[in-house]
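Asks: Here is how the chains run, residue by residue.
There are 2 protein chains.
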Amino acid sequence: MPSYTAPLRDMKFVLQEVLNVGQLTEYESFAEADPDTLDAILEQSGKFSSEVLAPLNVVGDQEGCIRNEDGSVTTPTGFKEAYKQVVENGMMGLAHNPEYGGMGMPGVWHIAAGEMQSASNMAFAMYPGLTNGASKAIEIGGSDEQKNTYLPKMISGEWTGTMNLTEPHCGTDLGLLKTKAVPNADGSYKITGQKIFISAGEHDMAENIIHLCLARIEGAPEGVKGISLFIVPKFKLDADGNPAERNPVTCGALEHKMGIHGNSTCVMNYDEAEGYLIGEENKGLRVMFVMMNRARLDVGMQGLAQSEVAYQNAAAYAKDRLQGRSLTGPKNENGPADPLIVHPDIRRMLLETKAFNEGARALVYWAALLEDMEHVHEDEAFREKCDDYLGLLTPVIKGYLTDKAMATTIDCQQVFGGHGFIEEWGMSQIVRDMRIALIYEGANGVQALDLVGRKLARKGGRALMSLNAEIDAFLGENAEAENVSEFIDGLKDAKQKLTEGTMWLMQNGMTNPDNAGAGSVDYMHMMGLTTLAYMWAKMALVAQAQIDAGTNDEFYKNKIITGRYFVLRMLPMLDAHLAKIKTGAEPLMALDAAAF
Amino acid sequence: MPSYTAPLRDMKFVLQEVLNVGQLTEYESFAEADPDTLDAILEQSGKFSSEVLAPLNVVGDQEGCIRNEDGSVTTPTGFKEAYKQVVENGMMGLAHNPEYGGMGMPGVWHIAAGEMQSASNMAFAMYPGLTNGASKAIEIGGSDEQKNTYLPKMISGEWTGTMNLTEPHCGTDLGLLKTKAVPNADGSYKITGQKIFISAGEHDMAENIIHLCLARIEGAPEGVKGISLFIVPKFKLDADGNPAERNPVTCGALEHKMGIHGNSTCVMNYDEAEGYLIGEENKGLRVMFVMMNRARLDVGMQGLAQSEVAYQNAAAYAKDRLQGRSLTGPKNENGPADPLIVHPDIRRMLLETKAFNEGARALVYWAALLEDMEHVHEDEAFREKCDDYLGLLTPVIKGYLTDKAMATTIDCQQVFGGHGFIEEWGMSQIVRDMRIALIYEGANGVQALDLVGRKLARKGGRALMSLNAEIDAFLGENAEAENVSEFIDGLKDAKQKLTEGTMWLMQNGMTNPDNAGAGSVDYMHMMGLTTLAYMWAKMALVAQAQIDAGTNDEFYKNKIITGRYFVLRMLPMLDAHLAKIKTGAEPLMALDAAAF
Chain G
1 MPSYTAPLRD
11 MKFVLQEVLN
21 VGQLTEYESF
31 AEADPDTLDA
41 ILEQSGKFSS
51 EVLAPLNVVG
61 DQEGCIRNED
71 GSVTTPTGFK
81 EAYKQVVENG
91 MMGLAHNPEY
101 GGMGMPGVWH
111 IAAGEMQSAS
121 NMAFAMYPGL
131 TNGASKAIEI
141 GGSDEQKNTY
151 LPKMISGEWT
161 GTMNLTEPHC
171 GTDLGLLKTK
181 AVPNADGSYK
191 ITGQKIFISA
201 GEHDMAENII
211 HLCLARIEGA
221 PEGVKGISLF
231 IVPKFKLDAD
241 GNPAERNPVT
251 CGALEHKMGI
261 HGNSTCVMNY
271 DEAEGYLIGE
281 ENKGLRVMFV
291 MMNRARLDVG
301 MQGLAQSEVA
311 YQNAAAYAKD
321 RLQGRSLTGP
331 KNENGPADPL
341 IVHPDIRRML
351 LETKAFNEGA
361 RALVYWAALL
371 EDMEHVHEDE
381 AFREKCDDYL
391 GLLTPVIKGY
401 LTDKAMATTI
411 DCQQVFGGHG
421 FIEEWGMSQI
431 VRDMRIALIY
441 EGANGVQALD
451 LVGRKLARKG
461 GRALMSLNAE
471 IDAFLGENAE
481 AENVSEFIDG
491 LKDAKQKLTE
501 GTMWLMQNGM
511 TNPDNAGAGS
521 VDYMHMMGLT
531 TLAYMWAKMA
541 LVAQAQIDAG
551 TNDEFYKNKI
561 ITGRYFVLRM
571 LPMLDAHLAK
581 IKTGAEPLMA
591 LDAAAF
Chain E
1 MPSYTAPLRD
11 MKFVLQEVLN
21 VGQLTEYESF
31 AEADPDTLDA
41 ILEQSGKFSS
51 EVLAPLNVVG
61 DQEGCIRNED
71 GSVTTPTGFK
81 EAYKQVVENG
91 MMGLAHNPEY
101 GGMGMPGVWH
111 IAAGEMQSAS
121 NMAFAMYPGL
131 TNGASKAIEI
141 GGSDEQKNTY
151 LPKMISGEWT
161 GTMNLTEPHC
171 GTDLGLLKTK
181 AVPNADGSYK
191 ITGQKIFISA
201 GEHDMAENII
211 HLCLARIEGA
221 PEGVKGISLF
231 IVPKFKLDAD
241 GNPAERNPVT
251 CGALEHKMGI
261 HGNSTCVMNY
271 DEAEGYLIGE
281 ENKGLRVMFV
291 MMNRARLDVG
301 MQGLAQSEVA
311 YQNAAAYAKD
321 RLQGRSLTGP
331 KNENGPADPL
341 IVHPDIRRML
351 LETKAFNEGA
361 RALVYWAALL
371 EDMEHVHEDE
381 AFREKCDDYL
391 GLLTPVIKGY
401 LTDKAMATTI
411 DCQQVFGGHG
421 FIEEWGMSQI
431 VRDMRIALIY
441 EGANGVQALD
451 LVGRKLARKG
461 GRALMSLNAE
471 IDAFLGENAE
481 AENVSEFIDG
491 LKDAKQKLTE
501 GTMWLMQNGM
511 TNPDNAGAGS
521 VDYMHMMGLT
531 TLAYMWAKMA
541 LVAQAQIDAG
551 TNDEFYKNKI
561 ITGRYFVLRM
571 LPMLDAHLAK
581 IKTGAEPLMA
591 LDAAAF
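Those sequence lines, one after another, are chains G and E.
The first sequence lines up with residues 1 to 596 when you count with the numbering used here.
The second sequence lines up with residues 1 to 596 when you count with the numbering used here.
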């Protein structure tokens with residue numbers, strides 16, 4: 001069974017030494033977000049994840065969720081009790097608005113804590129994760145009354161939340177959705193239809209479930225312009241705001257999935273369920289997409305998290321398992337064989353994962369910090385820059401990080417040889433759980449289209465120009481930095497190739513949009529590699545400064561070694577992606593559909 | 001549930017038009033291997049695979065195998081009956097020696113039929129597949145008496161076979177194995193020990209199971225030099241050669257696996273089981289490895305097979321599922337949305353799979369033809385060339401094709417969006433079943449080491465020199481060929497880069513073998529891409545000749561289009577692999593083991 005130990009040292013390095021999240025205390029709303037409190041929260045969250053959530057991970061996988069005859073759902077043994085601890089320890093509200101009972105800490109703290117929960121038990125972590133998403137949507141779009149009614153209970157975790165978008169015939173293309181909303185005399189609506197793939201749609205861990213549901217009000221325009229967002233509680237509330245009458249929104253079936261068995265993925269049937277409009281009629285997607293963008297950072301974080309737990313267990317196995325001899329002569333002469341870790345190809349798989357994880361952690365936390373800054377920074381231009389960056393980074397974090405984490409978790413499974421294929425060792429579950437992250441919250445191909453089709457062009461391409469300027473300034477400042485020239489050169493080269501890819505897409509995507517579509521995933525990977533190169537260059541500077549100052553802490557030396565792997569062995573992929581982009585749409589579109 | 005239709009047109013194109021397997025009829029032993037018989041066998045095998053095996057695939061996944069209290073194993077519903085058909089229709093013995101009841105047809109026919117069985121039901125196809133392997137080993141190393149005793153029943157399929165290598169503490173490193181053989185007075189041995197991961201180790205489909213087991217005779221040298229190979233039948237035979245007394249070789253447990261649930265993967269306990277030495281004492285690995293090399297081609301074929309069935313279902317889904325609109329304007333104006341196939345990125349995933357599959361099919365069949373030629377060709381130098389090529393191609397086919405097929409099956413699953421994650425759609429099973437092929441019969445990293453550490457250097461590097469000369473001659477002959485210059489140039493470029501990689505490994509692997517280990521997987525991928533480029537150039541020439549001759553068959557036009565995708569969008573990976581190889585071992589070995 002895989003174990004998990006929160007990588008606290010690396011998390012703190014990124015948060016404090018690289019990103020200096022302590023700077024947030026300068027802003028009134030984060031005045032209490034001091035490093036000591038952060039440390040305490042990371043320690044507590046790490047302990048809970050290792051000791052409570054990790055042991056339940058395999059239980060969730062093996063037992064799955066059970067739909068009972070009455071339509072209720074029983075979660076795996078121990079989930080309910082663990083969730084109770086989440087609620088009681090106030091872990092849900094870490095980054096939420098104090099006005100509704102949250103702790104008001106930075107989102108970047110929340111994502112670090114979330115990484116631990118996801119790494120130790122992805123299926124479990126989705127219950128609080130989706131509740132966060134749903135409460136975010138209510139906070140963004142809801143009326144004061146709605147906020148006061150639902151947020152305190154959701155932020156405490158007493159009630160959980162869900163997002164109901166997908167229907168059997170439409171996932172990506174929400175314009176096709178059919179779920180119907182008919183106005184009642186009292187201003188509420190009767191919601192009727194079927195939603196599928198609803199994570200945490202029904203379960204036994206909370207006294208109420210607040211469904212956020214996209215539906216079409218009778219007479220609304222067709223397509224995406226006629227979609228509204230509704231709150232549909234499992235139990236309607238009485239005059240005191242307590243759960244009372246059962247609303248006819250029920251779990252019709254549980255999906256049988258490749259992974260995340262511990263999360264209840266429901267078919268939800270709405271049978272004239274009472275719902276309450278959030279915001280304006282027909283403007284439901286706007287609210288939903290603000291929330292979805294936030295959720296996409298979380299999915300990228302899930303990729304990092306699965307890659308981290310896969311790495312930890314593969315590294316431990318590689319150091320422990322004796323098999324074969326080093327190519328350069330025995331390293332464990334008194335033993336029957338050398339540990340796997342002596343083999344360069346085993347190290348390749350581990351370092352590919354480690355170098356990716358550490359870069360990805362910096363990137364995800366940076367994005368979360370940008371989001372915090374976007375809320376608190378006094379300068380509007382700076383806030384806009386944060387928003388621009390987030391626009392670019394969100395599809396990259398969602399799409400590239402999960403694509404790559406799929407590959408690294410498979411590599412880590414490979415380190416185990418035959419045991420990797422056996423469920424008891426747990427590596428299979430990591431790979432199976434990981435798989436969904438490439439699909440949900442917008443499939444990775446859709447993320448790539450969002451990047452090249454929308455985000456690059458938005459506001460005249462301002463976001464990328466701004467990021468490029470920042471990287472150029474960074475390169476200029478550090479052009480002469482000693483002992484990190486490989487990192488600086490690697491970033492410079494990456495930026496140049498990314499720019500070449502951007503230019504090609506701009507020149508050729510205008511005349512034929514399929515040219516942009518054809519290169520979109522390769523471009524997303526290029527931007528992923530380039531932004532990781534930026535993160536690695538920043539980390540290398542910090543680490544090298546410590547080394548230059550005479551530190552004895554091996555952490556910094558190892559950080560440089562790991563980063564060099566990234567620069568030397570991961571950045572070469574840029575050339576392949578660029579060459580593919582430049583072939584354009586023709587090789588893809590030439591084949592008649594019937595010939596596939 | 002996924003369906004499967006044998007790609008007969010493409011198979012025949014490769015077999016007849018590209019490889020001209022009809023040439024085999026010139027040799028006495030294959031005099032009856034005429035094209036009409038081949039067609040009939042392909043048709044029959046395709047029908048059986050689509051109609052009988054494919055529907056059982058999901059049954060096998062869901063039911064799995066059950067170990068009963070008495071240690072017997074029950075296979076999934078329908079497996080026994082399907083296997084009976086295999087036996088009754090004489091499908092097992094297709095390429096086996098007529099002396100023992102085989103049909104004596106070429107191995108290249110067998111692998112084409114095997115592709116169909118694997119694609120439709122990989123877990124099922126392993127039962128006959130392992131029996132083939134075991135009977136091959138007896139044919140290679142057994143005495144005449146052993147051959148006469150076991151082969152007729154195994155070749156008919158009445159008895160099945162297994163390979164028992166792995167023990168709990170050793171997989172790759174067989175030198176560590178502990179299973180003990182103690183001589184009996186009658187020349188037989190008592191075998192005691194535990195084997196794990198034994199596919200088809202116990203089941204209810206045949207009246208006897210012939211285990212081939214590696215063990216160490218008391219007093220034998222340590223390490224790989226003291227390993228002998230034994231026949232250990234589940235039931236000892238009576239004087240008439242019929243199964244009689246139960247031998248104490250029993251299934252102690254079934255493994256719980258990520259995939260291939262329909263195959264019984266057993267822990268086998270040998271408790272003084274009676275075994276019979278194959279060949280000489282302490283020379284067991286020699287026989288085993290001849291057989292394993294053959295089995296590795298089959299594993300590469302399994303990769304192709306899973307990628308083919310994944311492709312077929314993803315392509316069908318992409319043509320059927322309506323979601324979103326083409327970037328260049330609606331293509332299905334009267335429908336609510338366009339089919340997925342209009343999207344360039346969906347086509348990218350499908351074409352990556354299609355172009356890989358068609359190239360891989362040619363490569364696998366070519367290798368099988370080389371093996372046939374090695375047996376029948378009159379010229380010793382030619383036979384040696386076949387052996388040289390097989391030495392090079394085997395690790396590439398096993399390692400590269402399964403690595404790549406893992407990626408393509410995941411891509412095909414991605415085409416299904418959320419439905420890809422739901423077990424009922426069957427794409428998850430394809431990915432889960434596929435996963436083992438990267439591990440068994442020697443993990444892919446071990447294949448890569450075999451390639452760079454042994455196969456490149458063998459006989460002074462003769463094999464690669466010979467293959468290079470063949471490719472050079474091919475390039476020379478076709479330098480002026482019209483309309484296929486992209487294929488010729490692509491191959492030329494690939495060969496040049498592969499040569500650069502080879503030179504680097506030779507120059508730097510001598511001084512430090514870890515340099516070879518560090519680049520081995522990248523090099524294996526380079527050779528995979530280069531040999532596929534060779535196959536694609538050959539296929540393009542055949543197709544273009546038909547086009548030039550005025551054919552109306554769209555097959556040839558589509559072949560060129562698919563091949564162009566390979567050249568333009570898959571070959572660019574060569575640069576990335578080459579750059580990685582050239583970074584050498586240092587970035588991998590610099591990190592202390594303790595720092596992982």
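By construction, these hints were calculated from the structure, which means they are not laboratory data.
Where hints are given, some of them may not hold.
Stated by the list, open to error - Keeping only pairs whose Cα atoms sit at most 25 angstroms apart, straight-line, the calculated SDA-like set for lysine to any residue is:
#	chain 1	residue 1	chain 2	residue 2
1	G	Lys582	E	Gln496
2	G	Lys180	G	Gly219
3	G	Lys492	E	Met510
4	G	Lys225	E	Leu322
5	G	Lys225	E	Asn334
6	E	Lys492	E	Pro513
7	E	Lys225	G	Asn512
8	E	Lys283	E	Ser188
9	G	Lys225	E	Pro336
10	E	Lys497	G	Asp493
11	E	Lys180	G	Leu322
12	G	Lys178	E	Arg286
13	E	Lys147	E	Pro243
14	G	Lys538	G	Gly219
15	E	Lys178	G	Leu174
16	E	Lys319	G	Ile422
17	G	Lys331	E	Ala579
18	G	Lys538	G	Ala595
19	G	Lys459	G	Met292
20	E	Lys12	G	Thr328
21	E	Lys178	E	Val267
22	E	Lys84	E	Pro98
23	E	Lys582	E	Ala481
24	E	Lys557	E	Asp575
25	G	Lys319	E	Lys84
26	G	Lys225	G	Leu174
27	G	Lys495	E	Ala579
28	E	Lys178	E	Arg286
29	G	Lys582	G	Ala479
30	G	Lys331	E	Pro243
Asks: Each hint needs a verdict: does it hold in this structure or not?
Replies: Now for the hints, and whether the structure bears them out:
Under the criterion of a C-alpha separation no larger than 25 angstroms, the hint pairing lysine 582(G) with glutamine 496(E) is consistent with the structure, at around 22 angstroms. Restraint check for lysine 180(G) and glycine 219(G): the C-alpha separation of about 10 angstroms stays at or below 25 angstroms, so the hint holds. Using a Cα cut-off of 25 angstroms, the hinted pair lysine 492(G) and methionine 510(E) is violated, with the two alpha carbons roughly 34 angstroms apart. Using a Cα cut-off of 25 angstroms, the hinted pair lysine 225(G) and leucine 322(E) holds, with the two alpha carbons roughly 19 angstroms apart.
A threshold of 25 angstroms between alpha carbons decides the hint, and for lysine 225(G) with asparagine 334(E) the separation of about 19 angstroms falls inside it, so the pair holds. Between lysine 492(E) and proline 513(E) the CA atoms are separated by roughly 29 angstroms; this puts the pair beyond 25 angstroms, and the hint is violated. Between the alpha carbons of lysine 225(E) and asparagine 512(G) the distance comes to roughly 65 angstroms, so the proposed pair goes past 25 angstroms and is violated. Taking the CA atoms of lysine 283(E) and serine 188(E), the gap is about 17 angstroms. The hint holds against a cut of 25 angstroms.
Straight-line distance between C-alpha atoms of lysine 225(G) and proline 336(E) comes to about 15 angstroms, which keeps the hinted pair within the 25 angstroms bound. The suggested pairing of lysine 497(E) with aspartate 493(G) holds, with an alpha-carbon distance near 22 angstroms, which does not exceed 25 angstroms. At roughly 21 angstroms between alpha-carbon atoms, lysine 180(E) and leucine 322(G) fall within 25 angstroms of each other, so this suggested pair holds. Taken as a hint, the lysine 178(G) and arginine 286(E) pair is broken in the structure, with Cα atoms around 66 angstroms apart against an allowance of 25 angstroms.
Between lysine 147(E) and proline 243(E) the alpha-carbon distance is near 16 angstroms, which keeps this suggested pair within the 25 angstroms criterion. Taking the CA atoms of lysine 538(G) and glycine 219(G), the gap is about 54 angstroms. The hint is violated against a cut of 25 angstroms. Taking the CA atoms of lysine 178(E) and leucine 174(G), the gap is about 61 angstroms. The hint is violated against a cut of 25 angstroms. Distance hint between lysine 319(E) and isoleucine 422(G) is unfulfilled; the C-alpha atoms sit about 36 angstroms from each other, more than 25 angstroms.
Among the hinted pairs, lysine 331(G) with alanine 579(E) is inconsistent with the structure: their alpha-carbon atoms are about 29 angstroms apart, more than 25 angstroms. For a cut-off of 25 angstroms, the pair hint linking lysine 538(G) to alanine 595(G) is broken: about 49 angstroms separates their Cα positions. Restraint check for lysine 459(G) and methionine 292(G): satisfied, since their Cα atoms lie roughly 21 angstroms apart, inside the 25 angstroms limit. With a C-alpha separation of about 48 angstroms, the suggested pair lysine 12(E) and threonine 328(G) falls outside the 25 angstroms cut-off, and the hint is violated.
Restraint check for lysine 178(E) and valine 267(E): the C-alpha separation of about 15 angstroms stays at or below 25 angstroms, so the hint holds. With a CA separation close to 21 angstroms, the supplied pair lysine 84(E) and proline 98(E) stays within the 25 angstroms bound. A C-alpha spacing of about 34 angstroms is found between lysine 582(E) and alanine 481(E), which places the hinted pair above 25 angstroms, so the restraint is violated. Taking the CA atoms of lysine 557(E) and aspartate 575(E), the gap is about 29 angstroms. The hint is violated against a cut of 25 angstroms.
Distance check on the hinted pair: lysine 319(G) and lysine 84(E) sit about 47 angstroms apart at the alpha-carbon level, beyond 25 angstroms; violated. Distance check on the hinted pair: lysine 225(G) and leucine 174(G) sit about 10 angstroms apart at the alpha-carbon level, within 25 angstroms; holds. Among the hinted pairs, lysine 495(G) with alanine 579(E) is consistent with the structure: their alpha-carbon atoms are about 18 angstroms apart, no more than 25 angstroms. Of the pairs offered as hints, the one joining lysine 178(E) and arginine 286(E) holds, with about 18 angstroms between alpha carbons and a cut-off of 25 angstroms not exceeded.
Distance check on the hinted pair: lysine 582(G) and alanine 479(G) sit about 30 angstroms apart at the alpha-carbon level, beyond 25 angstroms; violated. About 49 angstroms separates the Cα atoms of lysine 331(G) and proline 243(E), which puts this hinted pair outside 25 angstroms; it is violated.
Consistency note: the structure conflicts with the earlier hints numbered 3, 6, 7, 12, 14, 15, 16, 17, 18, 20, 23, 24, 25, 29 and 30.
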